[in-house]
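Each protein sequence line maps, in turn, to chains A, B and C. In this text, residue positions in the first sequence follow the numbering used here: the first is 1, and each later residue adds one. In this text, residue positions in the second sequence follow the numbering used here: the first is 1001, and each later residue adds one. In this text, residue positions in the third sequence follow the numbering used here: the first is 2001, and each later residue adds one.
Bear in mind the hints are in silico, worked out from the structure with no lab data behind them. Quick caveat: nothing in here was measured; it's all calculated off a predicted structure. Hints should not be assumed to be uniformly reliable.
[Said to hold, decoys possible] Going by beta-carbon spacing under 8 Å, a handful of chain A positions derived as facing chain C:
1. Ser-59
2. Gln-108
3. His-111
4. Ser-112
5. Val-113
6. Asp-115
7. Glu-116
8. Asn-155
[As the list claims (entries may be wrong)] List of simulated lysine to any residue pairs, SDA-like, C-alpha gap at most 20 Å:
9. A:Lys-133 - B:His-1009
10. A:Lys-158 - A:Gly-31
11. B:Lys-1291 - A:Asp-17
12. B:Lys-1291 - A:Gly-31
13. C:Lys-2340 - C:Gln-2364
14. B:Lys-1161 - B:Glu-1149
Each residue gets a CB set at the ideal place from its N, CA and C atoms; glycine is no exception.
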Amino acid sequence: MAASIIETTGLTRSYGDICALKPLDLLVPEGEWLSVMGHSGSGKSTFMNLVGGLDRPTSGSLQVGGENLLALSEDGLARFRREFVGIIFQQHHLVPYLTAVENVMMAQYFHSVPDEAEARFALERVGLGHRLKNRPGELSGGEQQRVCIARAIINSPKLLLGDEPTGNLDHKSTIMVMELLKELRAEENFTVIMVTHNQEVAAWGDRTIYLDDGILVREERLVKTDEG
Amino acid sequence: MTRRRWLIHLVLRALGHRKGRTILLLAVLAMASSLATALGIVSSSMERRVAEEVRKYGANLIVIPETARLEIGSGGLDFGVVSEPTYLQQSLVEGALARSGIKAERSFHLRGALHWKDSDLMVEGVDFADIRRLFPWWQLKGTWPTAGEIVVGNDLAASMKLKPGDMMECGGKGQTVKLRVSGIVTSGGEEDGLLFVALPELQKALELEGQITLVRLMVTAGGDSLKKSAVSLQQLMPGAKVSEVRQTARTSEGLLAKVKLLMLMVTAVVLVSAGSSVAGTMSTTVLERGKEIGLMKAMGGTRVEVMLIFCGEAAMLGVLGGIAGYLCGTIIAQFITRTVFSASADIIPWIACVSLGVSLFLALLGSFGPMISVFKLDPVRSLRGE
Amino acid sequence: MIAIVYKLIPHLLSWFCIVLVLLRCFSVRRSVIMIAGISGFICGVADSAVLFRFFSASTSYAVIKSALGASFFLFWTIAVVAVYRSGERSTTVSSRARWFDSSFSAGVISAFIAIVSGAICACRIPVVDSGALTYAVPVLAAISLAYASLCIEKRISVSFKAAPLGAFAAVVALLLFSSSSLPRLDLFSPLSMKVMKGVHDFVHQFMESILIPDHLFVKPIVWKYIGLLFGKEVGFWGGIIIWFTPVLLIALAIGSARLPSVAHIRQGAQRRKLLAAAIREQRLQLVIPFFSIVIFAGAAYQSSFPSVEYWDPTPVAVTANQAGEIFIPKTGEINLEDGKLHKYLFKQGTREARFFILLGPDGQLTVDLDACAICKPDGYGQADGAVLCYYCKTLIPLETVGKPGGCNPVPISFIEKGDGVAIDGITLINSWVSTVQATTRVTEGGK
């Protein structure tokens, strides 16, 4: 069993009186693909933001990759995010005035120095070698999501977070994006945490947890037949 | 690509994306800084000119006999022909001045000709103490004269080969006087062609005791009261003509003050409105780009780094606006000085720093508030679209 | 005593910064640096004291000044070599680096620097009436400052490294800053003077051998430009160039040093991270050279506008008697034999001459023009042990005042008549006119 990359004990996050995440104890081993399911408002996005260092828990302990996120300063969290985490959003959140390559280079800039050749290579890897100089507005939803994936993996993160990455995509694009993620994971060995409410998408993972009203209600380990 | 070049590239891309807004902001900044530039150029170049003009006309009133011809040329008086003389009574003028109660520095002048070495020299009789007080810019080589001594205008000295220490024997109508040159004077005006003798000595030599041809007055009060003094003096001296000398200088001075005031007010208004419009536009931009800011923070940009990108945009606008402002401001200044003062303004390079500074300051000050909201913005909420 | 402490402030401040830089440069050998530094400083103070006791002031100053000059020359050499080598990959440096890293070399280097620093410091202490106690003041101050800088150095972030090149630049800059407040140890003014005189001589030679003066083709406007070469400005700007070039070269060498090769790292993110770290480190290394530039500028400023107050009396007007002789009594209103410069102004008609009378250290009075045969007649001021030409800032030791030649004030023959000094007015005026005419003609270039 690999060492766990995420360790939470009694993780809680409340907004005022509303408790978005009730005390949660969870271990995620390194390299796992974890799907998080639940209805909207079930606390799954909150969980993802906490793990990604975008938000701070109200109480409990949270260790990601050996780093105690509660102890980090605001800038320390930013450093953690740039070096450790890659995020894929449902809305893509690409910068509209930058080309595909430049969008990837943006992530490089915050991490260290921009390197155009490397960014181009990353886009070629996700199958967008022909659309390097296009702005997000000129790309289809699936293509935009692939730019987003290239951007997320450019800094070789240990942890890839997906916030309903296929929520806005049709079935065909969804399959394509999931296949791509699977391939990349095989090469780079990052841990994936994917929030979704689509059973089919969740089935790509190794394990699925179900959140309801901020409480972990069910856990399901999938036995992959194709992986032997 | 280095980080710095990437930052510039990013800023230019962001500005290019919102062309309308960028042009608007640039126009506002350029307008504000061009007005400041124009104000600077007009006041500094015109002030110097007006100061020169004022310096030229030390005295602001002159009194001459009514029949004498007076020509106000480029910076001095020209008494056409000396051989048709009319004179003022010195005592009369003094009495009139005393009665009018006008506070004024005065100097009495008597023009005449003295004969020396078969040529007539233009001579002016003056009180040297008055001269030194009223015309402080006269430059003297040698010393100011004592009794029996004279000073020679620079041009005359050059043409007659006179130098301090020379003796001259001049013949007048009344008597012949022996005079010693004590100094050479340079005034830059028609005085350079004259010989200056103490007034009583000249009066004696020309047999014109108590007579003068010209009184120069420097009335210390300014503005309208100068005209009033001229009128009141005129009434007390029927046989004389009192006129204002400094008219040109005075009008330019007043005009400059008014133009400066107007420009100052316009500039102040424009600066304030430009500042607030920059602030408004910038905060709209920041609001609109909330998601972008959130994304940058989510990707691992620290708060300061993200803020720097937006500050970079403001600074870029400021620099471009400043450059445009300097160019426009120079043109505006030319236009103003041409139309109002009918003179061309100087091109002053260091004013470019002022216009850059004004524009940068406005751009950064205007985006101060928005920058704080950039700094504080919470990535989770902005990405969710709140 | 307080006056001495006050005078020592710039030197002790430089010492403090020198220790700080050295400690950071050899940060693994703090104790060696401290011991070598402090003992070197004491040694330097003692050396200087011995020098001034047993040798003449000018010899002592010359010794210290040549040490400074040598370090500036070495600095130049190192800077040039550094630029030359900055392009190549560091493969052969290892032996040098190993030598440099040994505690022996660290000790030797810091001891040498400390000796010079201490010697400069001790020059501030007057030779007469100074017991061991007076020398203890700077030594104690230096020791406590060294400890203060040790404490501060430990608190400075580790990421802030002082590369040997940068540290050397800073140390030379600080030594020169320290010396620039003493006119007799200052290097910048003599440097610009040398440049000025060099250009002067060169143009002279060039003109004499190639162009005939009053040449048909040499228009007055050309003479105007040639005249520019004779001005003080040429010396100043030439001096500035020589002064700042090495430190700029070092900054250039650090800035253009090849970044470590990262091509062998396969993972992009890691490669970029290393690159970013290397760039950051290079930037930090440039801090010390830039700090040194500021210090060099400070030294040049201090040298051009010295805070030393020169004794410069306003000339007293004198007249000649019927025989055309100027007689100045030795005592009376002005005591000629008080060792100070006394200036007089003699007028005859429109012509005038400025001269001064001074009692030399050998007990002989000298009468000299307030002008020399080379510079514009800006006159002289008296500093301790020397007079200074205001135009070219050359210091002339009092011993040589009264001897002709060079930048020395032009001596005038005189007769000592019992209770006073008699000078021939006509000789004085003629000598002034010929000297001043010669120098102004040259400086304005109108042959």
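Against the structure, the hints:
1. Ser-59: 33 Å, violated
2. Gln-108: This hint holds: Gln-108 of chain A lies near chain C, its Cβ roughly 6 Å from the closest one there, short of 8 Å.
3. His-111: This hint holds: His-111 of chain A lies near chain C, its Cβ roughly 7 Å from the closest one there, short of 8 Å.
4. Ser-112: 4 Å, holds
5. Val-113: 5 Å, holds
6. Asp-115: 6 Å, holds
7. Glu-116: 12 Å, violated
8. Asn-155: 4 Å, holds
9. A:Lys-133 - B:His-1009: The given pair, whose Cα atoms are some 15 Å apart, holds under the 20 Å limit.
10. A:Lys-158 - A:Gly-31: 8 Å, holds
11. B:Lys-1291 - A:Asp-17: 27 Å, violated
12. B:Lys-1291 - A:Gly-31: Outside the cut-off at roughly 30 Å; violated.
13. C:Lys-2340 - C:Gln-2364: 13 Å, holds
14. B:Lys-1161 - B:Glu-1149: This hinted pair holds, its Cα atoms lying about 17 Å apart.
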